[in-house]
Structures are given as C-alpha cells and as structure tokens.
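Protein chains in written order, with our numbering: chain E, 110 to 220; chain X, 289 to 402.
BS3-like, lysine-lysine: derived pairs with alpha carbons at most 30 Å apart:
{"no.": "1", "chain 1": "E", "residue 1": "Lys207", "chain 2": "E", "residue 2": "Lys163"}
{"no.": "2", "chain 1": "X", "residue 1": "Lys345", "chain 2": "X", "residue 2": "Lys297"}
{"no.": "3", "chain 1": "E", "residue 1": "Lys177", "chain 2": "E", "residue 2": "Lys207"}
{"no.": "4", "chain 1": "E", "residue 1": "Lys177", "chain 2": "X", "residue 2": "Lys345"}
{"no.": "5", "chain 1": "X", "residue 1": "Lys345", "chain 2": "E", "residue 2": "Lys207"}
{"no.": "6", "chain 1": "E", "residue 1": "Lys177", "chain 2": "E", "residue 2": "Lys162"}
{"no.": "7", "chain 1": "X", "residue 1": "Lys359", "chain 2": "E", "residue 2": "Lys207"}
{"no.": "8", "chain 1": "E", "residue 1": "Lys177", "chain 2": "E", "residue 2": "Lys163"}
{"no.": "9", "chain 1": "E", "residue 1": "Lys207", "chain 2": "X", "residue 2": "Lys297"}
{"no.": "10", "chain 1": "X", "residue 1": "Lys359", "chain 2": "X", "residue 2": "Lys345"}
{"no.": "11", "chain 1": "E", "residue 1": "Lys207", "chain 2": "E", "residue 2": "Lys162"}
{"no.": "12", "chain 1": "E", "residue 1": "Lys207", "chain 2": "E", "residue 2": "Lys164"}
The set of hints was computed from the structure by calculation and includes no laboratory data. Values in this document were obtained by computation on a predicted structure and should not be read as measured data.
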Amino acid sequence: KNEVEQSPQNLTAQEGEFITINCSYSVGISALHWLQQHPGGGIVSLFMLSSGKKKHGRLIATINIQEKHSSLHITASHPRDSAVYICAVRGTNFGNEKLTFGTGTRLTIIP
Amino acid sequence: NAGVTQTPKFQVLKTGQSMTLQCAQDMNHNSMYWYRQDPGMGLRLIYYSASEGTTDKGEVPNGYNVSRLNKREFSLRLESAAPSQTSVYFCASSEWQHSNQPQHFGDGTRLSIL
Chain E
110 KNEVEQSPQN LTAQEGEFIT INCSYSVGIS ALHWLQQHPG GGIVSLFMLS SGKKKHGRLI
170 ATINIQEKHS SLHITASHPR DSAVYICAVR GTNFGNEKLT FGTGTRLTII P
Chain X
289 NAGVTQTPKF QVLKTGQSMT LQCAQDMNHN SMYWYRQDPG MGLRLIYYSA SEGTTDKGEV
349 PNGYNVSRLN KREFSLRLES AAPSQTSVYF CASSEWQHSN QPQHFGDGTR LSIL
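Sequences are here, hints too, so could you generate the full structure?
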C-alpha cells in the first residue's frame, strides 16, 4: 500500500462545477503539501498544511489529522484549472523527513 | 526572479552514454533536490543536498551521482545511461530541508535513453 493515495486518478468536469480531490496517507506527518503540475510540466506549490484549512482565491485545502485525510477544493472551476494536482506529505520520524508524493489527480475542465 | 532553472529541457541519449543535468536556483536556498517522475508513480527522490557541501542518497540513487557545486548549483550525472533511466527529472530547492517551507521546482528535463 502506498503511503499517499489520491482519488480520483482522473476527473473531468464542466466549467463552473465544484471540484474535490482527495488525499489519504498512512504515516504520521508534520505537514501536507498540495502541488499543481501544469500541462507543460512545471510544478507549483499551492498549499502547505499542518492543520485546519487554507484558502487562496478559488482554491481551498483542508486537512483532518486524526483521519489522515486532506481535500483540495476548487470553486467555480475554469478550463485554466486543468492540470495534475499532487499531494505530498512530510513524515515526522527522524530520517523520514523527506516528502512522499502521491501519483496525482489529472483534472480536465471542459468549457 | 528565475527561481529554479534546469538545463537541458530535453535530451536523447544512447545506452551507455553519460551526461550531466544542470540545476541552479537564485533564491538563496540552502537545500536542493533531484527527483524523477515516471508514469503512474509519484515523484521519487534521487539525491538531495541539505546544505552547501553535503549530499545524501534519496529513495532511488543507483546509477546517479550528484555535485553541489556551490550554494546555487546542484548537478545530477548519469555515468552510463540505461533505458530504465528514461524519465522526467525535476530539480527543486527549499530554504531548509527540515522546515515545512514549500519546495520550488524547475520546469523539468525530459530524458530518453535509447
């Protein structure tokens, strides 16, 4: 079992829809990151969470430490949101501070 | 600011050839990383440099070497390329390895080994 699982793997939605991408992890973490990989390949960090909720524009990220689960929401989705969204966690154990990445969720927003 | 710059963007090699992927950052970050990204798998850490003058193996170091040339630059070398090293390679940097600051990524190098 992978340490970081994302769902769904692929998601296609109409412009304007509310989008939810999920991330579950199996280890104790000090932080969880959400990243966006553009169709051209570049990777951008969106959020870093250790508890609660963060909002940036139309993007909202939440984390439930007890349930080892995080969600990334996109409100009023737009075709420019089409990208791969990647969840990554940083472990808490000494020697395990590296980031472990999920395989990503490919989001396609149709006009 | 350019952020993290990787060169080249694309490269095709024959099995057994060697090459060096270059990475430079202009954010005065202490820690730098090399990852590979393969279809159906998450990014995997090849090597990292927690600070200038130090390098350590990551999850998949076999077949690679690295050099932290100075605080700005961190190169990845394939001494004898193999088809299994066909991948997209990303360099990243962060202020410190053990902080929860975000990592900043380059645009990637798409490498094909024939």
